[in-house]
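Asker: What follows is each chain in one-letter form.
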Amino acid sequence: MTTTRRSFLAFLAALPAGTFAGRARACAGVVHASAKVHEVDIRTFQFQPSPLTIAPGDTVRWTNRDGIEHSATAVETGSGGKPQFDTGLFGRGESREVTFTESGHHDYFCTRHPSMKGTVVVEG
Amino acid sequence: MLNTITIRRTVLGGIAALTLAVTAPVAQADHIKTGADLRVAVNLLLAEHVNLAAAATGWAMMGLNKNFEAAAGGLDANTVDLANAIGLVYGDGAKEAFLPLWRKHIGFFVDYTMATIKQDKAGREKAVANLMDYARDFGAFLNSANPNLPADAVEALVKEHAVTVAAMVDAQANQDWPKAYELQRKAAAHMQMISDALAGAIVAQFPERFGG
Ligand SMILES: [Cu+2]
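Protein chains in written order, with numbering that gives the first Met the number 0: chain A, 0 to 123; chain B, 0 to 211.
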């Protein structure tokens, strides 16, 4: 099983200052000491569970159970038109992780199967 | 004379009642109780899929848009019935996942038909490539829902479906109607390979539910 950890926090840090100024107020900006990893299975072309509610600083780990590549790709784009997070396509038995620091609804989809949709809700 | 009319009315009433019973949605939960019900329902729906697709592409080829749209509407109603059958077995999540996936391959057939009408060689090739690629997705979907269905086998069946229907569209484009109908019947009959495999795999997966 391959696990690639991609930090949403690191991604945000790489963005020009002010990119998320409007949403910064909604974000507690506090990374809890007890940050958790939440599992999302991708099975029969569905993200399960969805919506998934987590705390700021928590990580979501998607594991693909289907015999075809899927991705978890943010609907919202940041600077340069790139998705706010993107696991890229990954195959059966593989996992990808994203750490969320920003409060709010994070809708995502699969780039190969755009009808596959999921939501991570960051509350706190 | 009066008696004749009365009898005639009764017979017609009987036929009307029979017609109503036959046209009730076959994929409704209360119509599918046994493995045999399931096999009949899936076979009817998948053969109908081919026949309505053939009607739609045939009308499109003739440039009769109203007829094409009506046939496409019937084809989508068939898609919804198929999705309901999937939902009956695997739940609403699988139903919602199946619906856009199935519609996608119909979209590729429409692309193929439109490209053929425009004599757009690249468009035709792209539609075929998309259909071949799609076969992998559909194999993965069914295998994920039911491990008794090997992804490779489903993929091969979907590819054959695509190739046969594409050949039928070519015959329609050439106005070679005897060949078009021969290929339509071949494509409809081929669906039985998928229908029987699917129904059998579901019965094997849920013997207590459909084994009767
Ligand atoms: Cu996908």
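Everything labelled a hint here was simulated from the structure, so no lab data went into it.
Don't take every hint at face value.
[What the hints assert, rightly or not] Heads up, simulated DMTMM-like pairs for lysine to aspartate or glutamate below, C-alpha to C-alpha not over 20 Å straight-line:
(1) A/116 <-> B/91
(2) A/35 <-> A/122
(3) B/103 <-> A/122
(4) B/94 <-> A/96
(5) B/178 <-> B/151
(6) A/116 <-> B/68
(7) A/116 <-> A/68
[As the list claims (entries may be wrong)] Computed footprint of chain B on chain A; a stretch qualifies when at least three of its residues, placed anywhere within it, have a C-beta under 8 Å from a C-beta of chain B:
(8) 52-64
(9) 110-121
Note that CB positions come from ideal geometry on N, CA and C, so glycine has one too.
Asker: Now look at each hint and say whether the structure bears it out.
Answerer: Cross-check of the supplied hints:
{"no.": "1", "hint": "A/116 <-> B/91", "in the structure": "14 Å, holds"}
{"no.": "2", "hint": "A/35 <-> A/122", "in the structure": "13 Å, holds"}
{"no.": "3", "hint": "B/103 <-> A/122", "in the structure": "36 Å, violated"}
{"no.": "4", "hint": "B/94 <-> A/96", "in the structure": "27 Å, violated"}
{"no.": "5", "hint": "B/178 <-> B/151", "in the structure": "30 Å, violated"}
{"no.": "6", "hint": "A/116 <-> B/68", "in the structure": "29 Å, violated"}
{"no.": "7", "hint": "A/116 <-> A/68", "in the structure": "15 Å, holds"}
{"no.": "8", "hint": "52-64", "in the structure": "violated (count 1)"}
{"no.": "9", "hint": "110-121", "in the structure": "holds (count 4)"}
Checked against the numbered hints above, the structure breaks hints 3, 4, 5, 6 and 8 and satisfies the rest.
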